[in-house]
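Colleague: Here the protein sequences come in this chain order: B, Z, F, E and V. Number 158 in this note's numbering belongs to position 158 of the first sequence; there are no gaps in the numbering. Start counting at 1 in the second sequence, then tack on 235, and there's your number in this note's numbering. Start counting at 1 in the third sequence, then tack on 498, and there's your number in this note's numbering. Start counting at 1 in the fourth sequence, then tack on 800, and there's your number in this note's numbering. Start counting at 1 in the fifth sequence, then tack on 1223, and there's your number in this note's numbering.
Hints are computed from structural coordinates only; laboratory data are not their basis. Treat the hints with care, as some may be off.
Stated by the list, open to error - Simulated crosslink set (DSBU-like; lysine-lysine; CA at most 30 Å straight-line):
(1) E:1197 x E:869
(2) E:1106 x F:588
(3) Z:392 x B:18
(4) Z:313 x E:905
(5) F:588 x B:6
(6) E:816 x B:68
(7) E:1106 x Z:350
(8) V:1533 x V:1497
(9) F:794 x B:111
Residue strings, one per chain:
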Amino acid sequence: MLKIEKLETYYGNIQALKGIDIEVSEGEIVTLIGANGAGKTTTLMSISGVVPPRSGKILLNGEDITGKAPDEIVPMGLIQVPEGRRIFPDLTVSENLDMGAFLRKDDAQIKRDVEYVFELFPILSERRNQRGGTLSGGEQQMLAISRALMAKPRILLLDEPSLGLAPIIVQQIFDIVKKINEEQKTTVFLVEQNANLALKTAHKGYVMETGRITMADTCENLLKNDEVQKAYLGM
Amino acid sequence: MAPILDVKKLRMDFGGLRAVNDVDLYINEGEIVALIGPNGAGKTTFFNCITGVTKPTAGDVMITPPSSGKTERINGLKPNTITERGLARTFQNIRLFQNMTVLENVMIGRHPRMKAGVLGAILRDPRTKAEEKQVIEDSYEILKKLNLEMFVNELAKNLPYGAQRRLEIARAMATEPFLLLLDEPAAGMNPQETRELDDTIVRIRDTEGITILLIEHDMSLVMSLSERIYVVDYGKLIATGVPEDIKSNPEVIKAYLGEEINA
Amino acid sequence: MNSTYFIELFLGGLTRGSIYALIALGYTMVYGIIQLINFAHGEIYMIGAFTALIVSGALAFTGLDPVLIFLIAAVVAVVWSASYGITMEKIAYKPLRKAPRLSALISAIGMSMFLQNYVLLAQTSDFQPFPELIPDLAFLDPVSNIMNTTQFIILVTTAVVMILFTLLIRYTRIGKAMRATAQDKIMAQLVGINVNRVIMFTFLIGSSTAAIGGVLISSHVGQINFYIGFIAGIKAFVAAVLGGIGSIPGAVLGSFVLGLTESFGTGYISSDYEDVFAFAFLIIILIFRPSGLLGKPTKKKV
Amino acid sequence: MSDTAKNGLSRYITAKDVKRSAIMAVWFMFLTFPIMVIKVNTVTDTVEWRWFNMLIIGVASFILSHVWKLMIDRREGRMADAVSSSVIVEKKTLRDRMEEKPMIKKVGSLVILVIAVLFPIVTGMYQTSIMITALLYVVLALGLNIIVGLGGLLVLGYIVFYGVGAYTYALLNYHFGLNFWLALPLGGIFAMIIGILIAIPVLRLRGDYLAIVTLAFGEIFRIVMENWNGLSFGPSGIANIPRPTLFGLDFSIQQSTTLTYYVIVIFVIITIFIVRRLEDSRLGRAWVAMREDEIAGEAMGIDMWKTKLAAFALSTFWAGVAGVIFAGKTTFINPASFTMWESILVLCMVVLGGMGSIPGVISGALIITLLPEYLRAFSELRMLIFGAVLVLVMVFKPEGMIPAIRQKYEFKGITGNKNKGDK
Amino acid sequence: SKDSGTIKIGVAGAHSGDLASYGIPSVKAAELVVEDWNANGGVLGKQIELVVEDDVCKPEVATNTAAKLVGEEVVAVIGHICSGATKAALGIYKDSDIICISPSATNPPLTQSGDYPNFYRTIAPDDAQARLEVDFATQTLGFKKLAVLHDKGDYGKGLAEFAKAMIESDGVAEIVLYEGITVGAVDYSAVLNKVKNSGAEAIIYGGYHPEASKLVGQMRKKGMDTVFISDDGVKDDTFIKVAGEYAEGVYATGPMDTSSNTLTMAANKAHQDKYGEDPGAFFLNAYAATTAILNAIEKAGSTDYDALTKALQSEYVDTTLGSISFDNKGDAIGVGFSVFQVQNGVYVEIQ
Ligand SMILES: Nc1ncnc2c1ncn2[C@@H]1O[C@H](COP(=O)(O)OP(=O)(O)OP(=O)(O)O)[C@@H](O)[C@H]1O
Ligand SMILES: Nc1ncnc2c1ncn2[C@@H]1O[C@H](COP(=O)(O)OP(=O)(O)OP(=O)(O)O)[C@@H](O)[C@H]1O
Ligand SMILES: [Mg+2]
Ligand SMILES: [Mg+2]
């Protein structure tokens, strides 16, 4: 479904991605783990078109989307929960959710979906009329994920969704990811620091170091891998 | 001796929302204490009240700096005054001076402990010169303590995330606090880095004698570090105690942990 | 001093306020979306007025009904002002999206000077009489000494435009997109919004209102030159800030408050210090409400 | 993208470009149609159609749109080039070399100093007189740069403080016969006091709100000066302000102009010296912190209020001093010299040159004051060109002509000696 | 320079910017006079050369302009246009013994203070004009209640102050309102309400025509028929053009009508021939000033300062303003002001 070939991305004159190849098949959950500053966020931003790559190719459903603007890519069903949450600070929780459904026109269904995410995260329901900017860190994270769900993504990119969440919620987030993957056949590309959970949730995993993919395998294998265990699982 | 931080019936209202609800909390010198609780429980707000970023609606925040032993009420003071008194903090969303170097970030932390004024800056008298020289050396020492010396001349924004978190701690330490407040220091770190952070915090307490209060969602870190834990939910204190008790407290499990942890 | 005098001053202040409001609306919209004090906004207003003047002049010999000429002139003015607005955005502001904010401000100042002198050179530096095309409305006759037709039309237009804008921003898709773009351009893109198009649209409608303002105000004042945009622009900007820059009802409220302050200040104290009243009032308001009358507090959560 | 960049100007003009330019030409012909082509006289009801203008616009925009495209490509290309060159060859700018070899810097400064000293001797009174005006603006721009460039606060009413300085000298001289030399520090101090008084209530305002309030203060100052005849003699101003002389001697205009020139040169040097030292001090660092993140700065124990106030006080002082020199130079002042437009002009100098960069700000001030003076020939087009230049410089050099490279503290070795460089 | 082939005359004033329309006509006037003289062999056997410098009416620029003209070694300057700029420049000319004749700087102290012995002007000072306005309003028209308004500017406020002082000392009429209006304001309804409320029979306005036309227009639209009396800043055809029908009946003082004078007709015609339009403000004054200085050079037989001073103050010369000379303060003798009224779209001299 998503295919990345020899992707290279720069920030000014700093090269953040040094030719990476990634493949995500339809219906899969694929995770990307790696140390801080490895280039995970950059990879996601390149895919979404926010930071256009300098060379390489990105194919979505076989269509070349390299260099396209985000507003051309997003309507193809590719939605991202970005790093730092990027909640619209002056919009209320409800309005933020509404914004997630910007491209949708099925108002009735949108309403039902809002109720659905409120069920998933009751605290958001309690805070529905509060401005996004004043939410606590974790509440914002839940809102960011919910907002992405509102778009009914075909492929969902998640950048460290568990960051700043209470343990009980972390577990819940991964359950949700699994659920939408199974029930709605949403393809998921997951960037995580919590490698343990990520590898347990995903089907396939990539390991990234300083702008390069250093390992690619099924999650079972990666979990067993010595290097991975040492570097990312803290064992 | 009186606790170095003694918070009594602290309350913070935002409109109709009571984010902190009559919380009592104290810390003795040399302790490492954790404040945990579900998202939106009011932990960061609690920090903000103590450090003067927001003015609490009610309650008292008393400090007793070990150096002077004098107890003082600090609510309502400006953040910079509180920092001068000896409380320093880090932020949940990293707030480094992005376009300054690592060294400069720490030098800013030295600000309240320096004296040079406008005249000193212009005339550059020997005292100012000596002070400027000293501040660089001091800052470098602090960086070494947090294993940041290899980044010394990097711009803060170019640092990896984990290093940025450590730099926040270094910068806060530069203000020579007796109490350091850390808001989710391990967020965004991988397990390996978290373990290093664990060591660092213990080292800060042991060698610098800085008392520590931290907010954290990473239970492995919380359980291994802290001597006592406070748990808040909906702004209210729901439990306090040593890690062993908290781990198995059913209310905490229900509200926060989700399952019993065996870290 | 009697109550008629008070009412006269009040209505005078209201008209003046709605004049400011028509310009302030565009200011505030552009500011809201790209946080740029668009110094050249006043020039768009001036170009609107000039275009209308030229069109009505060129149509004068056709012997068309003056009202029709006025409407044609107004429409043409709107179309051209909007075109100037989006062209200006593309040339002078778009390349500066990522640059320091002050650079965009200086670019706007440069644009303002350029447009002023462009009109000065292409047309004239002299004041030009603006034709009186709007016939007097009969029902205003009894009160014509305190409110004439143009004043009335200006008031009504301001109210209508403000309501339309508020509805637009609050309830339409493009309004939603504008709000999102204003707050976080990257995230706006990530929910599928074409940020460039939204910004262009903002300039388009902001410039259109400025043009409407230009036509109406010039009809009211009866004369224009290349420099009218600068002074009106500054006042409108002050009004927008007074109301809370970025807020649409704020811009209108700020404009009325400013207009009334000036009117009463002049009427009951002295017109020597007319602008001092306006500016002093602004300062006092901002000291007590640092983000203007209806502005949102800018403090962010820590 | 990098291909186009590398070939730069020599790249082919493709059919696509031609089409684009043609569209541009049509668009601009449409856009400028009413204003460029039609000229009406509403009194005599005559209409003049100037179709030739349309032709000119068409041709000009066709050509200019090519140039524009190339320049934008180059601008983007520069970034790309910077990447490749950082790997392959280090391109060295004059500035790099200067940093490496302090000698170049020293010799350069010396040469500039010598030129500055000889200037009035070599050139005539006219040149000296213009140069004084230019240097007055240099001091103003350097002063404003303290608030705007270093402190990160936007101030749109800076000229007030210039006015306070000028009026201080004019009035104290008129009423008490105070001489120029005493007025010099007094003007600065008065401006500083007014600056602090203005700053106290408004410093908690953020960003553009602060800007507009200072603009308001600027206008209030001017209007009060226009109206309060008892204080300021209103719009007719104060004439016959004495030019500076030395030791009570009678100076010819030529001599006192030269003297004024040296006074202002000395002040430029002092300002540069002080601004440099401030930048590189505890206070200077606090300013950077304030610019970067006020909340974090406060958490680090910086009193933001004091820090802002210091920026205001230091900045306004220079404006006051410059004001005194201005009054001594023109011998006549009235409120019309202190309009908002002047404030904006000084701001343009700061940003155009490069905020926070001393050489940038100086060249900004010199260019903005001297260019129009020497471009008298184009008097009609002058302001049009000036406006266009502002836009173009900002679009193609958004950081200003000589962007600031902040002096960074660098740690070199354990001895902790500070070495400032711009790596 | 003084010894070389030409005699240089400076022309200084606002030639660009918003006040350019007051300065450009004087350049054209000087050019026309000089062309004329040069065609007839120049003066003292030398050709005359003009050095034109722009001061945009700003004092600080005027000092630079003056320095430049001094450097060019001009013997005299026609200008400057604005009083403030003139004051700033005069000191420099004085120091270099250069004579300065302004066609338009009306500020009284320029001549009356005695500070500027090298200054002359071919226009009556503001106080003379104010005198005329006040007499006209109180005696000719017999008004008892007057509103005095001004534009807060150098010229307008100066005039208004004189008018105010004169009305007060005359004691014939009462000032019911004295205010400065704001230049460029979008409307003047508040101040006009105030005028109405004050019961003023007439407004004496000191300022320029753009504000005047706005004031008059709004006043008439409000149905107020208060008489409007103003100054030579308003006695400009642009005023009538812009104010249109509302201009009818407005009074303005201005230099006496000399349009039937043959010299004046010739000058106006020369302008028409060369530029295809009627001359602008202060054209005739500048024409007269140029004529006067050239005449003085010729009469003095040299460009020496003292000789020129003597010639200017003793010799009468026929100019576009009539036959004029200068008194020892520098004001022109023989230049007078009249009151004009807009009648059927043109200014008609009525007194
Ligand atoms: N806007 C930027 N400008 C310059 N360099 C950047 C920028 N954003 C990221 N980088 C650099 O690019 C590299 C990759 O960063 P990226 O954010 O993609 O890493 P990451 O794997 O997401 O790390 P983390 O786990 O900290 O989120 C880093 O070295 C970082 O410093
Ligand atoms: N300025 C504010 N206005 C209104 N509500 C606020 C404001 N600041 C915080 N809140 C609310 O107060 C509650 C406590 O927030 P706080 O940031 O203290 O939570 P927290 O315990 O730090 O949570 P997390 O672990 O997610 O960071 C949240 O529900 C938040 O929405
Ligand atoms: Mg990341
Ligand atoms: Mg928190």
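Colleague: Indicate, hint by hint, whether the structure satisfies it.
Modeller: Comparing the hints with the structure gives:
1. Taking the CA atoms of residue 1197 of chain E and residue 869 of chain E, the gap is about 15 Å. The hint holds against a cut of 30 Å.
2. Of the pairs offered as hints, the one joining residue 1106 of chain E and residue 588 of chain F is violated, with about 41 Å between alpha carbons and a cut-off of 30 Å exceeded.
3. The straight-line distance between the Cα atoms of residue 392 of chain Z and residue 18 of chain B is roughly 20 Å, inside the 30 Å bound, and the hint therefore holds.
4. For the hint pairing residue 313 of chain Z with residue 905 of chain E, the CA-to-CA distance comes to about 44 Å; that exceeds 30 Å, so the pair is violated.
5. Annotation: proposed proximity of residue 588 of chain F to residue 6 of chain B is violated, straight-line Cα distance about 34 Å (limit 30 Å).
6. Distance check on the hinted pair: residue 816 of chain E and residue 68 of chain B sit about 20 Å apart at the alpha-carbon level, within 30 Å; holds.
7. Among the hinted pairs, residue 1106 of chain E with residue 350 of chain Z is consistent with the structure: their alpha-carbon atoms are about 14 Å apart, no more than 30 Å.
8. Annotation: proposed proximity of residue 1533 of chain V to residue 1497 of chain V is violated, straight-line Cα distance about 34 Å (limit 30 Å).
9. Pair hint residue 794 of chain F plus residue 111 of chain B holds up; C-alpha atoms about 28 Å apart against a cutoff of 30 Å.
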